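Following the hints, position chain L against chain V.
Chains as they are written, first to last, in this note's numbering: chain V, 1 to 299; chain L, 1 to 367.
Among the hints, a few may not be true.
[Said to hold, decoys possible] Taking lysine-lysine pairs in the DSSO-like style, the calculated list, with each CA pair at most 30 Å apart, reads:
#, chain 1, residue 1, chain 2, residue 2
1, V, Lys138, L, Lys200
2, L, Lys334, L, Lys314
3, L, Lys200, V, Lys132
[Said to hold, decoys possible] Chain V regions said to be covered by chain L (calculated; three or more residues, Cβ under 8 Å):
#, segment
4, 79-90
5, 98-111
6, 192-200
[What the hints assert, rightly or not] Examples of chain L residues toward chain V, derived with CB under 7 Å:
#, residue
7, Glu206
8, Gln207
9, Val210
10, Thr211
11, Pro212
12, Val213
Source of the hints: derived by calculation from the structure; they are not laboratory data.
If you're wondering where the values come from, they're calculated on a predicted model, not measured in any experiment.
Where is the CB? At the ideal position from N, CA and C, for every residue including glycine.
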Amino acid sequence: MNAIDIQRLSKSFGRVRALDAVSFSVGKGELFGLIGPDGAGKTTLFRLLTTLLTPDSGTATVDGFDIVNDYLSIRSRVGYMPGRFSLYPDLTVEENLEFFAALFGVRAKESYDLIAPIYKQIEPFRTRRTGKLSGGMKQKLALSCALIHRPGLLFLDEPTTGVDAVSRSEFWDMLASLKQNGITILVSTPYMDEASRCDRIALCNEGRILGIDTPDGIVRRFDAPLYAVRASNMYALLSAARRAEGVAECYPFGEVHHLVAGGGFDIRQFMDQLNELDGLSIKPAAPTIEDVFIKLMKR
Amino acid sequence: MRTFKVLLRKEFLQIRRNPFLPRLIVAFPILVMLIMPLIMTMDVRNVNVAVVDLDRSATSRRIASHISASEYFSLTATTSDFKLAMKNLEEGTVDAIVEIPPCFERDMAAASPGRISITANAVNATKGSMGIQYLVQTVSRTLSELNTEKDPVGAAELITVQNRFNPTLNYRHYMIPALMIILFILICGFLPALSIVGEKESGTIEQINVTPVSRFTFTLAKLLPYWLIGLFVLTAAMCVAWAVYGLRPEGAVGSIYMGAILFILTISGFSLTIANFSETMQQTMFVMFFFIMIFMLMSGLLTPIDSMPAWARKITVVLPPRYFVEILRSVYLKGASIVELWNNYIALGIFAILFNTLAAVTYKKQS
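Next up, chain V with everything else stripped away, as it sits in the complex (with noise of 0.2 Å):
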């Protein structure tokens, strides 16, 4: 049996079609992840999953319950931490953990073992305020309230958002040593190069899946050859590479342009259609997941 099975599954608030027939199933232990820009469905798919939505079709099944008939069986069985922090800043961080331990029926220490790791680090501020926390330490709290009722599965909505490199770092490997437990991870994120770290990744974009598969699986998928191109006026090279002959695409990708080669494309030919821009260089690059992402994007 699956941990997360999602049968077309949609959802639409007014004329905005959110969730468009999304299917696709997480296994039992794995770390999921949800790759796509804002706007791409994954808070509604992630609202639907911890019954705080019914959806307009589709059927879903989490631990083999129904989203919508055994709600209530599900809700003791996952954590959730929402991409909005929303723990209760008038609280301290030790009643806060003990507030959602008991509203689960559990006590904080019976739990102790599991959440060690990460509460270890913010215990010594057991007593402050929850809204006088940073908001690395406000996300480690989170996701320890999360966790505290020993759930099998748990949802995370872009965790990382607004969390300085290391700390985002940081977080993944406390992901990884909670996948140990097995726990089943759902994750979202709409930084690409996150997407590495989980078992498997589902690209979205306006409420559909664009593809699914490992993150190698996914990097693999991009077949054509793939260049990296620069010269001293970037945004030059952008129109007049999008201009060039056997060019399929171009498009900027961090400091330089990645150029997607299409057929009868000649990298000798195209220096010499371009050789008027000053300091022009290309070489071969290896395609990543965001690569991968906008071939899709564009299909």
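Below, chain L alone, put in the same frame as chain V:
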């Protein structure tokens, strides 16, 4: 049960830690009970009266001296010039003029006296009409005194006035029960609605909704603290009314609490319904303000329902505070009991059921 206790404890913690709520809960009743009754008075005092004495007799002097002796009036002038007095009235230095016609005393002895005329500035309608009433009473009392002196047997007072239930016509005694209701509306109506919408705004309700806690448990834990605070404030207000204004309920205290509990249920159900429909605290505030204005002005809190136009009286039927006002005033001033006021209790009971059902129906944990 443990869940409920924990929720309740959290609610009290939050109220205590709120930067302004504890102060509001303490300061507001004190302000309302100690200061408002001093300000909100419709008693008419310090009416400036000019006596235009064209008679210049013992009788006319006696009338003037009675007027000046009254605590309601201050005699500003005794002249024989009506035009001057009228000018003063127009300027506002005089509120009322008593004109005693010439030869009044002599004609009175002949039993065909001329008429004493009273002219008042009625721009402030209450002051004008009340002033005239007091003046009429004072003057007629003086005249009947004179009659009695002359003919102790034959002359009897033509009219006797007795103010039942509020013998001194003390407006405060009329107002204090109403002020207690205003406290209730704010503490048991306003605050829990704000608190619930506050959780919506901060997103914490989302975190609660993914737990197995039922919405009923959560809402009850939200309301109970405010119910307790409301009853505590009512008790304190009743003590203040007794200690400071010497006002104690003529009827049973139990019938006040009975009405209070029904009213609390009604008003919290009402506020929950508003909370269900609002997304932000600002929205809640505006909607609540709207209704509180209607409650204050149309429930007979400040002005009697009986003197409203017929259409407005019909509207008051659907305003729950109206019934609690009726209960509180009747128990306090008339010593009425539940048996006599049963229809008000029933009405509140119906409203309590109605609003709470509405609140339950409009509550959405999922959408």
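* **When the least beta-carbon distance from glutamine 207 of chain L to chain V is tested against 7 Å, hint result** => holds, 5 Å
* To do: Could you grab the alpha-carbon distance between lysine 334 of chain L and lysine 314 of chain L and see if it respects the 30 Å cut-off?
  => holds, 25 Å
* **Pair hint outcome, lysine 200 of chain L versus lysine 132 of chain V [Cα-Cα no greater than 30 Å]** => Given pair lysine 200 of chain L, lysine 132 of chain V holds - Cα atoms ~20 Å apart, limit 30 Å.
* **8 Å C-beta criterion, at least three residues: is the segment 79-90 of chain V covered by chain L** => That given contact holds, which follows from 9 residues of the segment 79-90 of chain V lying within Cβ reach (below 8 Å) of chain L.
* Decide if the proposed pair is consistent with the structure: lysine 138 of chain V and lysine 200 of chain L, CA atoms, cutoff 30 Å inclusive. => holds, 19 Å
* Interface hint compliance - glutamate 206 of chain L to chain V, C-beta minimum distance less than 7 Å -> With Cβ-Cβ at 5 Å, under 7 Å, it holds.
* Asked: Does valine 210 of chain L pass the interface hint, meaning its C-beta sits closer than 7 Å to a C-beta of chain V?
  -> holds, 5 Å
* Status of the hint placing valine 213 of chain L at chain V (closest C-beta pair under 7 Å) -> Holds - the Cβ of valine 213 of chain L comes within 7 Å of chain V, reaching about 5 Å at its closest.
* **Minimum beta-carbon distance criterion (7 Å), threonine 211 of chain L to chain V** => holds, 4 Å
* Minimum beta-carbon distance criterion (7 Å), proline 212 of chain L to chain V -> Holds, about 5 Å.
* With a Cβ-Cβ cutoff of 8 Å, does the segment 192-200 of chain V contain at least three residues near chain L? -> violated (count 0)
* Given that the segment 98-111 of chain V was listed as covered by chain L, double-check it with a C-beta distance under 8 Å for 3 or more residues. => Since three or more residues must qualify, the claim that chain L covers the segment 98-111 of chain V holds, with 7 doing so at under 8 Å.
This entry does not satisfy hint 6, going by the numbered hints stated previously; all others are met.
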